[in-house]
Each structure stands twice: as structure tokens, then as C-alpha cells.
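Trainee: Residue strings, one per chain:
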Amino acid sequence: MSADSYANAGYLIAAYVVTAVILVGYALLLWRRSRTRE
Amino acid sequence: MTERDEGRRLTRRGLRISGLGLAGLAAVYLVALRYTPVERFQGLPQKIFYLHVPAAWSALLAFSLVGIAGALYLWLRDPRLDLFAESIAEAGLVFSCVMLTTGPLWGKPVWGTWWTWDARLTLTLMLFFLFLGYRVLRGAIQEPGERARFSAVVGILGMVLVPFVHLSVYLFRTLHPQPIVLKPSEPSLPWEMLRTLLLSVGVYTVLLIGFVTTRYGLGRAAEAEGERDVR
Numbered sequence: 075m076s077a078d079s080y081a082n083a084g085y086l087i088a089a090y091v092v093t094a095v096i097l098v099g100y101a102l103l104l105w106r107r108s109r110t111r112e
Numbered sequence: 015m016t017e018r019d020e021g022r023r024l025t026r027r028g029l030r031i032s033g034l035g036l037a038g039l040a041a042v043y044l045v046a047l048r049y050t051p052v053e054r055f056q057g058l059p060q061k062i063f064y065l066h067v068p069a070a071w072s073a074l075l076a077f078s079l080v081g082i083a084g085a086l087y088l089w090l091r092d093p094r095l096d097l098f099a100e101s102i103a104e105a106g107l108v109f110s111c112v113m114l115t116t117g118p119l120w121g122k123p124v125w126g127t128w129w130t131w132d133a134r135l136t137l138t139l140m141l142f143f144l145f146l147g148y149r150v151l152r153g154a155i156q157e158p159g160e161r162a163r164f165s166a167v168v169g170i171l172g173m174v175l176v177p178f179v180h181l182s183v184y185l186f187r188t189l190h191p192q193p194i195v196l197k198p199s200e201p202s203l204p205w206e207m208l209r210t211l212l213l214s215v216g217v218y219t220v221l222l223i224g225f226v227t228t229r230y231g232l233g234r235a236a237e238a239e240g241e242r243d244v245r
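Which chain is which? The protein sequence lines are B and W, in order. If you want this note's numbering, it's the 1-based position in the first sequence plus 74. If you want this note's numbering, it's the 1-based position in the second sequence plus 14.
These aren't lab readings, by the way, just hints derived from the structure by calculation. Glycine included, every Cβ here is placed at the ideal spot set by N, Cα and C. Treat the hints with caution; some may be incorrect.
Just a few of them, taken from the derived set where beta-carbon distance is under 8 Å, the chain W residues facing chain B [said to hold, decoys possible]:
# : residue
1 : 32
2 : 116
3 : 120
Build out the structure end to end from the sequences listed, making use of the hints.
Mentor: If you want it as C-alpha cells, here you go:
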């Protein structure tokens, strides 16, 4: 991959991190709700 | 089996499905970043597509199902349909958050702007606020029957907006790319990219099922214990 291909990699990383935070965060929220109900 | 046990059983099942979906998400990241080629013109930001497009599909599917469940509730008056609508609306909002954050992160390097008020983006934002309002409405009404009726009507109105969101790229002049998979002709994607997109759609669908099952189970257990809201 050339150096040009790495341009704007920050946007890619940000999108992948944000997606993981939202989806894992919601799953953890549901898990926590289930714990309080046990 | 009591209502409470049934709720707990569904919650546990939903959490297992969600866990499977999150493992699938890790696989999507690996396949998208390691085994899918970089698009020649957009470069690396094009790979945001594999997270953004399935999030949009999941959100639109969820909001459509809220409307269908609402319509069925108004017909059958079964409170389980109202609980299902509430559960899937919450999941739809989660996927909307993914859609509305990854979209600008793709738009900035490719369009040169984080946001533009064109038809697709504006309608999508309106849909998000409509379902945010749906959630606020549910929290504001105390009487369960009244809450379910009013929410069903708002859910149906939201569902009516979904086809306009999908067709907006045909109906209006818009910056947003036209559909490249859900269109009358064949998908205009190379196989390596289409494979990754389909994998991601499958994983997001598993996550949607997992989230809704868990949330529905929590709601059933809460109702059995005489609580109004799941906190």
C-alpha cells in the first residue's frame, strides 16, 4: 500500500472505534440491566 | 413457567445472541480491514461503508417493525406487541447513532464536509428525532393502554417516512450515493467488497435480534414484577 493510501486513516479509525463503543456499550447496558433484575 | 421466568429466559437468550453478534462484529473488522481491497478513489475511508450501510439498513428495518407492531397493536390490543415495538425502537435508535456518526466521518474526507442538508441526510435526521420523540412520549404517559395507543400512532407515522428515506436519492438531487445493492439491477460492487458488506449485514442483523430479544425479555420481567419501566 502506498503512503497516499494511508491518507485519512484517522477517519477510518474513528468510525471503527465509535461503532464498537456504541454497540458494545449498549450490549453492556443491557447486561447491567439484566444483573440488577437477578 | 411464570411471566417473570419467561422474561429472564428471553433476557439470557438475547444476551447470548448479542455476544455472538459482537464476536461477529470483530470478524467484520478483521475481514474489512485485512482482507478487503482499498477502493482506488476514496482510499481507506471507503471501508467505513461496511459499518455505515448495515447500520442504516438495521435502523430502517427496526423503525419499519415499530410501525408494523404498532398497527398490529391497534388491531389486536396485545400488550406484547407494544413491548416489542418499544424494544425494537430502542435498538433502532442505537443503530441510528452508528449511522449518524459514521456517515459524517466518511463525508468529511470524501465530500469535504461533515454534513450537508440534502434530502437523504435531512430525512434520516428527522427519522432519528421522530423515534427519539417516540421514546420521550413513552416516558411521559403513565397509563399503559394510552401509552401504547399513542406510541403506536407515532410508530406508524415513523414507518411511513422509511420509504422516503430510501427513495430520497432518486426523488431529489442529493450528494448521497445512490444504492449499489438494493436496486433493480445487479449490485455494482466487486465480489470482495460485496462479501464483506453481506457479512456485516448478517452480523448487524444478529445484533439487532440479540438486542431486541434482551430488551423484550427485560420488559417482560419488569412487567411481571409490577414495574413500569426497564432501567
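Trainee: Hints first: check each against the structure and report whether it holds.
Mentor: Going through the hints against the structure:
no., hint, result
1, 32, "holds, 5 Å"
2, 116, "holds, 5 Å"
3, 120, "holds, 7 Å"
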